[in-house]
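Those sequence lines, one after another, are chains V and L.
All residue numbers for the first sequence refer to the working numbering, where the first residue is 13 and numbers rise by one.
All residue numbers for the second sequence refer to the working numbering, where the first residue is 281 and numbers rise by one.
Hints listed in this document are in silico derivations from the structure and should not be mistaken for laboratory results.
Glycine included, C-beta positions come from ideal geometry on N, C-alpha and C.
Which bits of chain L does chain V cover? Going by a derived footprint, with three or more residues having C-beta under 8 Å, they are:
(1) 336-346
(2) 357-365
(3) 379-393
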Amino acid sequence: MTRTNNVEQLQAIARTIRRHIIEMIAEAKSGHPGGSLSAVELLVTLYFDVMRHDPAQPHWAGRDRFLLSKGHAAPVLYSIMAEAGYTPVDQLNTLRKLGSIYQGHPDRRFIPALEASTGSLGEGISLAIGMGLAAKLDGSDSRTYVMVGDGEIQEGQIWESAMFAGYHKVDNIVAIVDYNRIQLDGFVKDIMDVEPIAAKWLSFNWNVIELDGHDIPAIQKAFHDAAQTKGKPTVLIAHTIKGKGVSFMENNPKFHGVAPTAAERDAALKEIG
Amino acid sequence: MAQKTKIELKMGVATREAFGQELLELGRENKDVVVCDADLSKSTMTAYFAKEFPERFFECGIAEANMVGIGAGLASAGKIAFVSSFSCFVLNKGFEQLRVGVAYPHTNLKIVGTHSGISIGEDGPSQMSVEDISLACSLPGLIVLAPADEVCTRKLVRLAAGHAGPVFIRTGRPKVPIIYNGDQTFEIGKAVEVLEGSDVTIMANGLLVAEAVKAAELLDAEGVSARVLDLFSVKPLDREAIARAARETGAIVVAEEHLVDSGLGVRVAQAVAESCPCPMEFIGLETYAESGSPDGLLDKYGLRAANLVDAARKVISRKRA
Numbered sequence: 013m014t015r016t017n018n019v020e021q022l023q024a025i026a027r028t029i030r031r032h033i034i035e036m037i038a039e040a041k042s043g044h045p046g047g048s049l050s051a052v053e054l055l056v057t058l059y060f061d062v063m064r065h066d067p068a069q070p071h072w073a074g075r076d077r078f079l080l081s082k083g084h085a086a087p088v089l090y091s092i093m094a095e096a097g098y099t100p101v102d103q104l105n106t107l108r109k110l111g112s113i114y115q116g117h118p119d120r121r122f123i124p125a126l127e128a129s130t131g132s133l134g135e136g137i138s139l140a141i142g143m144g145l146a147a148k149l150d151g152s153d154s155r156t157y158v159m160v161g162d163g164e165i166q167e168g169q170i171w172e173s174a175m176f177a178g179y180h181k182v183d184n185i186v187a188i189v190d191y192n193r194i195q196l197d198g199f200v201k202d203i204m205d206v207e208p209i210a211a212k213w214l215s216f217n218w219n220v221i222e223l224d225g226h227d228i229p230a231i232q233k234a235f236h237d238a239a240q241t242k243g244k245p246t247v248l249i250a251h252t253i254k255g256k257g258v259s260f261m262e263n264n265p266k267f268h269g270v271a272p273t274a275a276e277r278d279a280a281l282k283e284i285g
Numbered sequence: 281m282a283q284k285t286k287i288e289l290k291m292g293v294a295t296r297e298a299f300g301q302e303l304l305e306l307g308r309e310n311k312d313v314v315v316c317d318a319d320l321s322k323s324t325m326t327a328y329f330a331k332e333f334p335e336r337f338f339e340c341g342i343a344e345a346n347m348v349g350i351g352a353g354l355a356s357a358g359k360i361a362f363v364s365s366f367s368c369f370v371l372n373k374g375f376e377q378l379r380v381g382v383a384y385p386h387t388n389l390k391i392v393g394t395h396s397g398i399s400i401g402e403d404g405p406s407q408m409s410v411e412d413i414s415l416a417c418s419l420p421g422l423i424v425l426a427p428a429d430e431v432c433t434r435k436l437v438r439l440a441a442g443h444a445g446p447v448f449i450r451t452g453r454p455k456v457p458i459i460y461n462g463d464q465t466f467e468i469g470k471a472v473e474v475l476e477g478s479d480v481t482i483m484a485n486g487l488l489v490a491e492a493v494k495a496a497e498l499l500d501a502e503g504v505s506a507r508v509l510d511l512f513s514v515k516p517l518d519r520e521a522i523a524r525a526a527r528e529t530g531a532i533v534v535a536e537e538h539l540v541d542s543g544l545g546v547r548v549a550q551a552v553a554e555s556c557p558c559p560m561e562f563i564g565l566e567t568y569a570e571s572g573s574p575d576g577l578l579d580k581y582g583l584r585a586a587n588l589v590d591a592a593r594k595v596i597s598r599k600r601a
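Build the full structure now, drawing on both the sequences and the hints.
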């Protein structure tokens, strides 16, 4: 597996991941491109630079963990895990097909290296807390990262878990809010606004870092600062663009959960380069 | 192990009390045992564990969904994790988390519900768990256990801890009679024949086992030989013992402190229908109960030995018809 903190190399990996996302969703003829594309830089930086993990030993006890609470963005996670060496790259185009390990939402029965089966929104931070508490009991410096959607934080369980982690000072977990401002039915501000978003997390006693979720140096710094923060869990409010990297998908609610046509796929791949 | 004669029923501790005591013992034996509770530890009796092992006890506050998720995370990271609350809260409020976080990925979490059934008494139906067996049994891969007394509870808590996979244990609030000697063994998926009998079989779990034992004694006085089977393992069921009872006694009464159309009875009926169909009668709750003393409620809602005797007479008459 490539491991690098070189920004250009990480950007190159991000382009590869975007191509996979477009190709696999187009082939599946269903899936969620928008929220996969918005998370690319964040997860590429995590997997290829920040996290301590070994695809050859997926259950190594000392590993850092990542959970995709917004499970519908499975294509970005699958593409990254495949490129990292956990799963076959050449099967990515079997996404959502009968018998594929690349299920519609992440499923540990098919990919044991996944840290959680997800897809029902709101549950990931609770799981991450449990993993963080276990690491503390074991005296391990393993860290756990969990990505939630901005629409997802409308779920009540998110705030149960936010209250717990803040109160119990679970400082070895990092939540990442992929703040792409669009959910299935439209713009988050029109469905049920989550603002003031930073104030909410601050009031639950989290360390809050706001950043541009496509700016790799900013992402590297945020994860570094999170690791230095003791006594509080950290949340990254990552301002992102839904459908990032494909002009006709960017900020377009249609591409939350609709696959590109063959023509749209070709146009998207040409644009990504 | 089945007795030929009657059992002297002496009052023991509540099954929740036995759970709390055994959990503490497990904690002393294994440092990987961890416990989560949702502001009910003095009632679920996880307080014993919390007091001795505060660093391994996680108070989650009144937030059951989050508690189930945290327990699942602890279990995923290798801990022997127990989560506990009143049955109605952990099952109903944590159900989605049990579905996606526990059953679907087969997470090694132990869920212990206390205050099940109507025998909690005065607090009334909002606190009475009468759907928990139904909900728990609906989740693939979840082992569902409902012990009758303190002996069985202690052994099932221990069995659950050693079992690789999710387990739900249903316990109750009131003190209950002791059914078993301390040397009784229990196995997941195996019923215990508490009393031998040839004319009818009464199948029960939880506090209805004691009522079944009393009913068998009353029936014996009428010259009716009633077998009593403790189906503490609701899932998996002991289909062999059930089929044998159907074949050998030809009439079955199922009794439970749960909604009658979605609990143990319907599961037993499926097993009987698939093996050796015979007349059956069902004792359980038709709907939500009300506040009152536990004894008063069990009388009013028909969960007593006398009700089981009536059902046994009826099912035997259908056999002979």
